[in-house]
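These protein sequences, in sequence, are chains A and B. All residue numbers for the first sequence refer to this note's numbering, where the first residue is 43 and numbers rise by one. All residue numbers for the second sequence refer to this note's numbering, where the first residue is 312 and numbers rise by one.
One or more of the hints may lead you astray.
Below are the SDA-like pairs computed for lysine to any residue, each with C-alpha atoms no more than 25 Å apart in a straight line [unchecked claim]:
1. A:149 to B:502
2. B:421 to A:159
3. A:169 to B:418
4. B:326 to A:96
5. B:421 to A:211
6. B:589 to B:657
7. B:416 to A:317
8. B:416 to A:138
9. B:418 to A:170
10. B:336 to A:172
11. B:326 to A:170
12. B:325 to A:98
13. B:421 to A:65
14. B:326 to A:211
15. B:326 to A:54
16. B:421 to A:151
17. A:169 to B:338
18. B:418 to A:96
19. B:336 to A:170
20. B:325 to A:135
21. B:416 to A:211
22. B:418 to A:131
23. B:421 to A:149
24. B:325 to A:131
Far from chain B, some chain A residues (derived; all Cβ distances over 10 Å) [as the list claims (entries may be wrong)]:
25. 92
26. 124
27. 159
28. 186
29. 208
30. 238
31. 275
32. 316
33. 323
Just so you know, the hints here were simulated from the structure itself, not pulled from any lab data. Think of the CB as a built atom: it goes at the ideal place given N, C-alpha and C, for glycine as much as any other residue.
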Amino acid sequence: MILLEHLTKEYNGVRAVNDLTAEVPDGEIFGLLGPNGSGKSTTILMLVGLIEPTDGRCLINGLDVARNPITVRNRIGYMPEDVGFYPTLTAGENLTYFGQLYGMDAKILTPKIAGLLERVGLDGVTKPVGGYSKGMRQRLGLAKALLNDPSVIILDEPTANLDPQGVADYRRIIREVATSGTTVVVSSHILEEISRVSTSVGILSAGRLVAQGSWRDLASSVGNRSAAHITIRVETLDPMPAFSHPDLISAEYEQDRREAVIVARSDIRDDLAATLSEQGIRLRGLSREGLSLEETFLSYYQVAG
Amino acid sequence: MKTMAASRLMIIAKKEFFDHIRSRKFLLIFGILLVVAIVGMIGGLSDYNKNLDDYNKHLSTIQSPLSSYMAEKPSILSVFSAVATYLVFVGGILGIAMGFDLVSKEKESKSLKILLSHPVYRDEVINGKALGGIAALGCALLVVLIIALATLLVYGIVPDGNELILIMIFGLVSFLLIFSYFAVALFLSTALDESGSALIYTMIIFIALSALVPTLANNTVTEFVVGSQPELPQELVDQMQQSVNKSDVSGISVTFSNKGNNGAWDAFNEKMQTYWEKRQMVHDTLALFSPTMNYESVTAAVTKQYTSSGMVVGASGSTSIVSSFNVVSAGDAGIDGIISTITANLIALLLFPAVFFGLAYLWFMRLDVR
């Protein structure tokens, strides 16, 4: 389990992460979502113990990361954004070096590395890592993150450079490890990626966690308090009657298509239906569009902003 | 826990060591070092044999017991002076080449972040890197020394125990010289984000310490601090002029002494002595800050390279003044004398890399790995 308690990080008086509190249960795939500069990478660096929080603390399986960096790092797998390896060494040599730093024995390490390279699709690649594409380095980064059989995997923008097959492989592997009880934290600004792989999500804006929960919960919560896009289809070609409502934002009527699009601050479908009915206009349809991922995401930023 | 830490340190050091000895730049500079060492040895041996012949001729032609004492048998250590001449540059460049991208390369390739995310402490990483570099430098120098000794043996020269000790001291100070510039490069590699910048700044420091400081120590700064050389008082100049006029045209009987004015001469000699002592002190103090000058002082003492004017000719071409207490002939003072003479230089050669490695260590411990 991961627990972030009032996590704060300041750089030269500017708060990159501001009083962040969150909890990620075991076996969860937690998506950390936010635009560039929202504090995702800083949060992850504190989780890995690469930087110390100005205030607050990170607990991984009950251990304070800042106080027990070596123990914690033994139990986590980390893949940074723009993952880098030793360019003159092969994938196997890189992983062997890192495996030795985990204190892993060569007898265990050799078959383990072979299996991991096969799993990420790099088996049979013998050239040094310096000749790898970004996508290949990303695959190797995933293999490295799995090397020590971690109980927590932390991935920063893991699919940024992957091709579609690579993305599919990555999703499969992440789901497999989560099924076995491993907690996964994935940081990304790619909504699609987070929504496809994560079981819960935290949205960061300007260093603050503005929302946390499942996608469905978040979308539902946004839907109840954000602008509603209502489409009205009518049977007549006559002009639409005048309509006023305190929550109305805009209304556009396309007479040829007998269709109007209403944007309102709340769901005013009942009021609309009543008004049209009073005017003797028969409705073919009255629907409210669901929020897209982007709308949900942006809605939280608007709230935070 | 300590065993694990030592184990992690050795894992990092081992990787760094093999990275160095497999790298093209190391092999290239090491190759150049070997070539110049062999060329230097052969040149030195040629001079040594010539001096030995002269010495033997001198012994056979002069029967006077006093004359035999005046001739000094050439030391085989003199052979190493030519090696030192090359080593001061090529060795320095080898040290820089091995250190300038040690940390900055990892920043550039983004491997530092991933390395530090493993169960290792930062001090293990920087110490492991330094240890790997030191081991590679040590191996390179050991090979050079072994080849140098082998060359001596091939020429039928077998060093005795004292000479072997002096050769080992020579090897040690050569190592310290290379390590000094390695430490400077390591510090700048840690402090700067780009290897190119680290290389340029290290080269600037190398040039400053190898060429600029010796020049300043011999001329500008010394003149500025100590002032001009005392001028001969007019009365003594007049007196000398009179002596020259009265002397024989052949000049053989010309003498500058004047029994009637010993006080003025003594005062002038005392002023000159004070002036040169101050000048020497300023020079020696400045020299302590330059690994190159320290190296030249130590190798001069070990290999006994004097010119007839009592000056030591530096490997960089600079000429440093050597006071009577600064260079001691191995034959005259023995190993103890040489060691006591070079102690200050040795300490300076140890302190210089220690300071820069300390700076690199502190900087690395606080390095922002964002």
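Results for each hint:
Proposed proximity of residue 149 (chain A) and residue 502 (chain B) is contradicted: the alpha carbons are some 39 Å apart, above 25 Å. Distance hint between residue 421 (chain B) and residue 159 (chain A) is fulfilled; the C-alpha atoms sit about 21 Å from each other, no more than 25 Å. Distance hint between residue 169 (chain A) and residue 418 (chain B) is fulfilled; the C-alpha atoms sit about 22 Å from each other, no more than 25 Å. As the CA atoms of residue 326 (chain B) and residue 96 (chain A) are separated by approximately 34 Å, the hinted pair breaks the 25 Å bound.
This hinted pair checks out: residue 421 (chain B) and residue 211 (chain A) have alpha carbons roughly 24 Å apart, not beyond 25 Å. Between residue 589 (chain B) and residue 657 (chain B) the CA atoms are separated by roughly 22 Å; this keeps the pair inside 25 Å, and the hint holds. Pair hint residue 416 (chain B) plus residue 317 (chain A) does not hold up; C-alpha atoms about 71 Å apart against a cutoff of 25 Å. Simply put, residue 416 (chain B) and residue 138 (chain A) have alpha-carbon atoms about 20 Å apart, close enough for the 25 Å limit, and the pair holds.
For the given pair, residue 418 (chain B) sits about 19 Å from residue 170 (chain A) by alpha-carbon distance, which is consistent with the 25 Å threshold. With a C-alpha separation of about 17 Å, the suggested pairing of residue 336 (chain B) with residue 172 (chain A) holds against the 25 Å cut-off. Distance restraint check for residue 326 (chain B) and residue 170 (chain A): the Cα-Cα separation of roughly 15 Å lies within the 25 Å cut-off, and the hinted pair is therefore satisfied. For the suggested pair residue 325 (chain B) and residue 98 (chain A), the alpha carbons sit about 38 Å apart, so the restraint of at most 25 Å is broken.
For a cut-off of 25 Å, the pair hint linking residue 421 (chain B) to residue 65 (chain A) is broken: about 30 Å separates their Cα positions. For the hint pairing residue 326 (chain B) with residue 211 (chain A), the CA-to-CA distance comes to about 32 Å; that exceeds 25 Å, so the pair is violated. Between the alpha carbons of residue 326 (chain B) and residue 54 (chain A) the distance comes to roughly 36 Å, so the proposed pair goes past 25 Å and is violated. In summary, the hint linking residue 421 (chain B) to residue 151 (chain A) is supported, as the alpha carbons are separated by about 24 Å, within the 25 Å threshold.
Annotation: proposed proximity of residue 169 (chain A) to residue 338 (chain B) holds, straight-line Cα distance about 22 Å (limit 25 Å). Taken as a hint, the residue 418 (chain B) and residue 96 (chain A) pair is honoured in the structure, with Cα atoms around 24 Å apart against an allowance of 25 Å. For a cut-off of 25 Å, the pair hint linking residue 336 (chain B) to residue 170 (chain A) stands: about 18 Å separates their Cα positions. Proposed proximity of residue 325 (chain B) and residue 135 (chain A) is supported: the alpha carbons are some 13 Å apart, at most 25 Å.
Restraint check for residue 416 (chain B) and residue 211 (chain A): the C-alpha separation of about 31 Å exceeds 25 Å, so the hint is violated. Note on residue 418 (chain B) and residue 131 (chain A): the hinted pairing holds, with a Cα-Cα distance of about 17 Å set against a maximum of 25 Å. The hinted pair formed by residue 421 (chain B) and residue 149 (chain A) fails the criterion: a straight-line CA distance of about 29 Å is larger than 25 Å. For the suggested pair residue 325 (chain B) and residue 131 (chain A), the alpha carbons sit about 14 Å apart, so the restraint of at most 25 Å is met.
Not every C-beta of chain B lies more than 10 Å from that of residue 92 (chain A), the closest at about 5 Å, which undercuts listing it as non-interface. Its closest Cβ contact with chain B, about 5 Å, brings residue 124 (chain A) to no more than 10 Å, contrary to its assignment away from the interface. Non-interface call for residue 159 (chain A) relative to chain B: holds, since the shortest CB-CB distance, roughly 17 Å, exceeds 10 Å. A beta-carbon of chain B comes within 10 Å of the beta-carbon of residue 186 (chain A); the shortest separation is about 7 Å.
The claim that residue 208 (chain A) lies off the interface holds: its Cβ sits roughly 19 Å from the closest Cβ of chain B, which is beyond the 10 Å cut-off. With 10 Å as the threshold on Cβ separation, the claim that residue 238 (chain A) sits away from chain B holds: the shortest Cβ distance comes to roughly 26 Å. Against the 10 Å criterion, residue 275 (chain A) stays outside the reach of chain B, whose nearest CB is about 53 Å from its own CB. Here residue 316 (chain A) stays apart from chain B, with its beta-carbon at least about 58 Å from theirs, past the 10 Å limit.
Interface exclusion of residue 323 (chain A) from chain B stands, the closest Cβ pair being 61 Å apart, more than 10 Å.
Figure legend: structure checked against the earlier numbered hints; hints not met, in rising order: 1, 4, 7, 12, 13, 14, 15, 21, 23, 25, 26, 28.
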